[in-house]
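Novice: Going down the list, the protein sequences come from chains A and B. When we follow this note's numbering, the leftmost residue of the first sequence carries the number 35, and every step to the right adds one. When we follow this note's numbering, the leftmost residue of the second sequence carries the number 35, and every step to the right adds one.
Keep in mind that the hints were calculated from the coordinates and are not lab data. A portion of the hints provided could be inaccurate.
Same chains, same names: a pair is fine if it fits in one copy or spans any two.
What the hints assert, rightly or not - Simulated pairs of lysine-lysine, BS3-like, Cα-Cα distance not exceeding 30 Å:
hint	residue 1	residue 2
1	K90	K454
2	K362	K90
3	K41	K454
4	K359	K266
5	K41	K64
6	K64	K90
7	K394	K455
8	K130	K490
9	K474	K132
10	K490	K136
11	K64	K287
12	K119	K287
13	K490	K287
Number of protein chains: 2
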Amino acid sequence: MAITSRKEDYSARYNDLVQQAGLAENSAVKGCMVIKPYGYAIWEKMRDILDAMFKKTGHQNAYFPLFIPKSFFAKEASHVEGFAKECWVVTHYRLKNKVDGKGIEVDPASKLEEPLIVRPTSETIIWDSYKDWVHSYRDLPLLINQRANVTRAEMRTRPFLRTSEFLRQEGHTAHASAEEAHDEAMKMIQVYHDFSQHFMALFSYRGEKPAHERFAGAVHTYTFEPMMQDFKALQAWTSHDLWQNFAKAFDVKFLNKQNELEYAYATSRGVSTRLIGGLIMTHSDDKGLVLPPALAPIHLVVVPIFKSDEDLQEILNYLQSELEKIQKADFAIESDFLWTWKSAISVKFDLDTQKTPGRKYAEYELKWVPLRIAIGKRDVQQWIVEIFRRDTGEKLQVNISELATVVLRLLSEIQTNLFKKHETFTREHTFEVDRFEDIKSRIDQGFVLAPWDGTKESAEKIQEDLKATIRCLPFGREDGKVLFAKSY
Amino acid sequence: MAITSRKEDYSARYNDLVQQAGLAENSAVKGCMVIKPYGYAIWEKMRDILDAMFKKTGHQNAYFPLFIPKSFFAKEASHVEGFAKECWVVTHYRLKNKVDGKGIEVDPASKLEEPLIVRPTSETIIWDSYKDWVHSYRDLPLLINQRANVTRAEMRTRPFLRTSEFLRQEGHTAHASAEEAHDEAMKMIQVYHDFSQHFMALFSYRGEKPAHERFAGAVHTYTFEPMMQDFKALQAWTSHDLWQNFAKAFDVKFLNKQNELEYAYATSRGVSTRLIGGLIMTHSDDKGLVLPPALAPIHLVVVPIFKSDEDLQEILNYLQSELEKIQKADFAIESDFLWTWKSAISVKFDLDTQKTPGRKYAEYELKWVPLRIAIGKRDVQQWIVEIFRRDTGEKLQVNISELATVVLRLLSEIQTNLFKKHETFTREHTFEVDRFEDIKSRIDQGFVLAPWDGTKESAEKIQEDLKATIRCLPFGREDGKVLFAKSY
Numbered sequence: 035m036a037i038t039s040r041k042e043d044y045s046a047r048y049n050d051l052v053q054q055a056g057l058a059e060n061s062a063v064k065g066c067m068v069i070k071p072y073g074y075a076i077w078e079k080m081r082d083i084l085d086a087m088f089k090k091t092g093h094q095n096a097y098f099p100l101f102i103p104k105s106f107f108a109k110e111a112s113h114v115e116g117f118a119k120e121c122w123v124v125t126h127y128r129l130k131n132k133v134d135g136k137g138i139e140v141d142p143a144s145k146l147e148e149p150l151i152v153r154p155t156s157e158t159i160i161w162d163s164y165k166d167w168v169h170s171y172r173d174l175p176l177l178i179n180q181r182a183n184v185t186r187a188e189m190r191t192r193p194f195l196r197t198s199e200f201l202r203q204e205g206h207t208a209h210a211s212a213e214e215a216h217d218e219a220m221k222m223i224q225v226y227h228d229f230s231q232h233f234m235a236l237f238s239y240r241g242e243k244p245a246h247e248r249f250a251g252a253v254h255t256y257t258f259e260p261m262m263q264d265f266k267a268l269q270a271w272t273s274h275d276l277w278q279n280f281a282k283a284f285d286v287k288f289l290n291k292q293n294e295l296e297y298a299y300a301t302s303r304g305v306s307t308r309l310i311g312g313l314i315m316t317h318s319d320d321k322g323l324v325l326p327p328a329l330a331p332i333h334l335v336v337v338p339i340f341k342s343d344e345d346l347q348e349i350l351n352y353l354q355s356e357l358e359k360i361q362k363a364d365f366a367i368e369s370d371f372l373w374t375w376k377s378a379i380s381v382k383f384d385l386d387t388q389k390t391p392g393r394k395y396a397e398y399e400l401k402w403v404p405l406r407i408a409i410g411k412r413d414v415q416q417w418i419v420e421i422f423r424r425d426t427g428e429k430l431q432v433n434i435s436e437l438a439t440v441v442l443r444l445l446s447e448i449q450t451n452l453f454k455k456h457e458t459f460t461r462e463h464t465f466e467v468d469r470f471e472d473i474k475s476r477i478d479q480g481f482v483l484a485p486w487d488g489t490k491e492s493a494e495k496i497q498e499d500l501k502a503t504i505r506c507l508p509f510g511r512e513d514g515k516v517l518f519a520k521s522y
Numbered sequence: 035m036a037i038t039s040r041k042e043d044y045s046a047r048y049n050d051l052v053q054q055a056g057l058a059e060n061s062a063v064k065g066c067m068v069i070k071p072y073g074y075a076i077w078e079k080m081r082d083i084l085d086a087m088f089k090k091t092g093h094q095n096a097y098f099p100l101f102i103p104k105s106f107f108a109k110e111a112s113h114v115e116g117f118a119k120e121c122w123v124v125t126h127y128r129l130k131n132k133v134d135g136k137g138i139e140v141d142p143a144s145k146l147e148e149p150l151i152v153r154p155t156s157e158t159i160i161w162d163s164y165k166d167w168v169h170s171y172r173d174l175p176l177l178i179n180q181r182a183n184v185t186r187a188e189m190r191t192r193p194f195l196r197t198s199e200f201l202r203q204e205g206h207t208a209h210a211s212a213e214e215a216h217d218e219a220m221k222m223i224q225v226y227h228d229f230s231q232h233f234m235a236l237f238s239y240r241g242e243k244p245a246h247e248r249f250a251g252a253v254h255t256y257t258f259e260p261m262m263q264d265f266k267a268l269q270a271w272t273s274h275d276l277w278q279n280f281a282k283a284f285d286v287k288f289l290n291k292q293n294e295l296e297y298a299y300a301t302s303r304g305v306s307t308r309l310i311g312g313l314i315m316t317h318s319d320d321k322g323l324v325l326p327p328a329l330a331p332i333h334l335v336v337v338p339i340f341k342s343d344e345d346l347q348e349i350l351n352y353l354q355s356e357l358e359k360i361q362k363a364d365f366a367i368e369s370d371f372l373w374t375w376k377s378a379i380s381v382k383f384d385l386d387t388q389k390t391p392g393r394k395y396a397e398y399e400l401k402w403v404p405l406r407i408a409i410g411k412r413d414v415q416q417w418i419v420e421i422f423r424r425d426t427g428e429k430l431q432v433n434i435s436e437l438a439t440v441v442l443r444l445l446s447e448i449q450t451n452l453f454k455k456h457e458t459f460t461r462e463h464t465f466e467v468d469r470f471e472d473i474k475s476r477i478d479q480g481f482v483l484a485p486w487d488g489t490k491e492s493a494e495k496i497q498e499d500l501k502a503t504i505r506c507l508p509f510g511r512e513d514g515k516v517l518f519a520k521s522y
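Next up, chain A with everything else stripped away, as it sits in the complex (with noise of 0.2 Å):
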């Protein structure tokens, strides 16, 4: 099947993309979807490199409840209003086989007294268990990461970036000071910027919301938002300062140096599989879906042309010590975080025989595998081998001495080259304006820097207008121009 092009319609190509390259489906359950293996695998990658980052920087992983009881959305006034609406709710326990024998039904005999809701996100559960964990300065912080599914009621859904239930890393960190926990939430950011540049190849300006936009309960909240190939925003990370408003909803107080009772300072953060429809949106060609090599399920793919098992066994020989080194060496990666992040090579053999080499190039090229190498007799006759390297679509033919090095180079240049394309992209598509009047004339082309007034009142009228958002108030500008775009 045709992928839809990005001018044609966008969110159709978007749909295609996920469903083409195998990445996710919709389920039986409205707005739920299913990850499929090669999507799974892609977060896995992400997510095993985030949990090393959070270790890095001394987070813990831990697990609380799925369910929250009813009473506790109430108890952080604001977090109420911004989560309790739209969430799914546990009412009963049992169900039974129906008198008339045709099915089972609800049974009414097992109403919980208080209906849990499923967790859309977890800051008041652990917060309620935080209470017995925390009694004084010397027990904090307390620096806690959960790898966790969690749920929103969600009306209108599309895979990986609105979905009813997601996957993500939330942490949730205690603090014996305001300045200690603000540091924790800029930190983060620091953290999934990291990841972003040097992993994900992703280019993004950082800031703060603008209050109106904050998560409820927090009084800072710092974020992240590339820009899409439609010049859309993707709020892709958040990082909040929760002040004590959590302890003081759940009672988490601890005895400081000065032998006073004090509530602790909170902050949380979040990351999910949004982060690959982020992806999706922000290197794809018109071939299919472009990964930056760090989170590629395969890096190599060898196809061989061969008529014969004799044919074949010669090609296997003649790249095997090559291969080897591969398979020995790793693709490394500089991180703040993690120093040098290493990975082993992953290299696909594909020996199906009922598939023509070119609808195989076909599906490697849709599903993205950085480098192929398509070989046959001559190849070995002439001791060179030849790499396709998808993102340029060049062939380099190549010495079979040199292969492992060119391999290694190849993957890093790639690396590096999608991060300068969408740095590229981003800064020729952000404007700035002197005018709040002229957000208009460029919003349709890209993100929009302008002065603000501040207001509630006009951040809405521009969104009224034009469909635009305040994206965040960027760190390190001087002349406090904020940043506006349409967003997903």
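On the provided structure of chain A, position chain B as indicated by the hints.
Specialist: Same frame as chain A, now just chain B:
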């Protein structure tokens, strides 16, 4: 707090260990536990080793929805009997503010047309997807694993052993022939066996469940039943041959090599955080938790005894080169499925000056760190290091230059010895009797291998009279004796 002794009250002792070693705690939601960082660190190790084993045997990860339409459970007749009754039911998707402004309530207008079940197991939702994935024998086998939380509406719960929510790995495979499906179910029991023996240090009886104890929807259920310290069996893992039952229920047909439409063959299997309960009840001793080194979050703790910063610096310098060797070395385990599995050795320095060494020792013994070095100036002057071995309580004085070598050797020894100890314990408490009536005399002292007439009635009578059940029909027994035990 003291831990209840094994003889006094084994059940209270279990709860004490879980709590005092910081593994888990109860939450505000009935039956749902919080897995604390130390408990989660153990699960992470288990989960990741299993994940590597599943990948080595050709399985891929994917993720399916948490919510399952109620009607799905009714599609497989025996499945509904086994599972659909005690489960959490989502009936609404929105809350609203109460009219009186005091709190929130379930919005009656948000009632779902069809209630959703929070997954107790995923066969139904997964086979509903397989319908679109399987068309030809060339699409098979499908070897999928899911890492997920699952729920049961349990009324009487105990941390790890029986909880309303738990974490697990569930495998769901589809095959083109009955033989292949059967082989898969058997192979996964071998994978579990390998993991149990080499990583968890568990000896165990493996075999098939009698027909009346099969998983809901299975034609064969294979099981793994290690003996706990109180002589009860723990059903630690199961692997099911599901025949075509789910394919028929969800209409999953494929074109076989003869070009005929045929229903696909299924297997499923599961392993969960319950295993942590198994570890606790297998290895722990009077001092506290005991873990096989392969699964221990910390391998070696160093407690320097010092009066000044200079003393401390001297001690650290003294240890440095050997500790570097340790950190470069790997703790290696031979496994049938992973060949040589390697893990970094985790070393903790305890520089806390507020706790006495004695208190630190007690804590590390309770939480289990297999090796401990307490080191002061005198050791440095004598070029020695004293290593405390937690499992035997021995103290070994070794020359500083031997430290790394001895640490590696001891970790392997402890790993091996724990398995041998459990094997000996299990064999010593397994009794063979020749008459069905003799089960009674032995059932409180261990497992009993006894003849069985094959009827459900006699099994039920034993259960009623002795609270014992048939745990399995052990593999490879020609005399047809089956294994009876009390169980968790």
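Novice: Taking the hints in turn, state whether each one holds.
Specialist: The hints, checked one at a time:
1. K90 <-> K454: Classified as within: same-chain Cα gap 27 Å, cross-chain 36 Å, threshold 30 Å.
2. K362 <-> K90: Intra 25 Å, inter 18 Å, cutoff 30 Å: intra and inter.
3. K41 <-> K454: within (23 Å within a copy, 67 Å between copies)
4. K359 <-> K266: This pair counts as neither: shortest intra-copy Cα distance 43 Å, inter-copy 52 Å.
5. K41 <-> K64: This pair counts as within: shortest intra-copy Cα distance 29 Å, inter-copy 53 Å.
6. K64 <-> K90: So K64 and K90 fail the 30 Å test inside a copy (38 Å) and across (34 Å) alike.
7. K394 <-> K455: Intra 27 Å, inter 54 Å, cutoff 30 Å: intra-copy only.
8. K130 <-> K490: Cα proximity of K130 and K490: across copies only (25 Å, versus 52 Å in one copy).
9. K474 <-> K132: The answer is neither: 60 Å in one copy and 41 Å across copies each exceed 30 Å.
10. K490 <-> K136: between (56 Å within a copy, 28 Å between copies)
11. K64 <-> K287: between (42 Å within a copy, 25 Å between copies)
12. K119 <-> K287: Within one copy, since 29 Å is at most 30 Å while 42 Å is not.
13. K490 <-> K287: The answer is neither: 34 Å in one copy and 57 Å across copies each exceed 30 Å.
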